[in-house]
Amino acid sequence: MTGFEQIVGINPWTALFTFCNMIITFLLLKKFLFKPVKKMIDSRQKEIDDMYADAEASKAEAAKLQADYEERLGDARAERDRILSDAVSRAQKRESEIIAEARQGAAAIMTKAEADIAQEKKKALNEVKNEISSISISIASEVVGREINEADHSRLVSEFIGKLGEADD
Amino acid sequence: MNGPKIYLQINGMNIITQTTVSSFVVMVLLCVAGYFLGRDLKKRPGRMQVITEKGVTMIYNLVEETMGKHNSYWTPYIATLFLSSICGSLIGMTGILKSTTSDISTTLTWALMTSFLVWGCTIKYSGFKSFLKGYINPMNIISDIAQPVSMAFRHFGNIMGGGVLMSLLYSALAAGSAALLGLIKSYGVLEIAAVGVIGIVVLVFGFGKDKLWMKIVGGAVIALAVSAALEYFGVFAKVPILQVGLPGILSLYFDVFSGGVQALVFSLLTMVYVGMACPPREEQTK
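Chains A and B, in that order, give the protein sequences. Numbering follows this note's numbering, in which position 116 of the first sequence is assigned residue number 116; successive positions increment by one, without gaps. Numbering follows this note's numbering, in which position 124 of the second sequence is assigned residue number 1124; successive positions increment by one, without gaps.
Bear in mind the hints are in silico, worked out from the structure with no lab data behind them. Computed from a predicted structure; not experimentally measured. C-beta: ideal position from N, C-alpha, C; glycine also. Please note that the accuracy of each hint is not assured.
Stated by the list, open to error - Where chain A lies over chain B, by a calculated footprint (3+ residues, C-beta under 8 Å):
no.	stretch
1	1077–1083
2	1097–1109
3	1242–1254
Take these sequences, add in the hints, and give me the full structure.
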């Protein structure tokens, strides 16, 4: 130690050393502290921002998907309703058709049955006619006691029955 | 009151002084601290990293608020200036080293660095013509000279003044305690013992009622009695007993607060001057 400097005095050497120390401190702090820390903070910030952006995107996509699904669901419902109402109307048509056919069939059967009945009746009547004629011939032959000409007899009976039929009607 | 000690003198030039050593120590401290704090950074930070990041972010925010977002890249320099200043001021509290900032050479160097940065930025962003045009009004030359000088002397004066006041206070308290001890000594052993007993009573009361000020006063009075006894029996003469306590509180203002404020003022002024010389991009084209 060789004494003291003046209390207010400029020492160029001190100034030079101070300048160099400042530059060295500045460069080292910048390299080892500020750059890495700033980089770390920025990268973390970026990561957070990215995550938020991703979340937003996923949310938007989900909303879109949901809307899509709802639309499709609505379509499906409409389709279902259409198909149902189609089926119902077709069924109703078919029902009326079937009923109409059945009626028609029934009516045909009825007419046929009536025709059959009428024929049967006619047949029965003819048989009855024949029977009656033969019975009446036998009765008459027994009553009269003589042989009537078969042909004459038949004619007589027919006339008789014809009168009967007219009287019946 | 002396200036910094001279450690190495060659041909009448004071090459290495106390300030140089302090400045070197500050540099080493800052660089080592910076290296260890900036090492091993992780995405999920530990405690130290959180504090480091908070500090770095605070300085970045301060610079961006004062100089604008486009001047964010100035942060490392401003932070270096701020940290060098505050550590340079606080290192004087070690008692071994002298505050670098209580040497006008240091603060003037920093102020001139600011001025050169301002001039450099003016030429870079506004052109050499515009830089010269500024001196059409000769008052600007004076302001350009006054600016670094005022910055340097403001910082230097505050730290220096604090140091001067503290050393005045220390010598005043030493003289005061010598006078007080002399007074007690002139009364004799009984009085010294009485002072000691009073001190013990106050201290015991203080512990009994749990009152901090009574404990402090009791302790101080006991210490006074002990040093008076030492003086009386000739073990240690003139113990500067009053220097305990009070300077610590004042040092909190003159060294810690003043050092912090001056460091902030210096870096804020640098930010403002350099920030004015570096306008945002859209204004640079004008």
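Tell me the hint numbers this structure goes against, listed in increasing order. Hint 3 alone not satisfied by this model.
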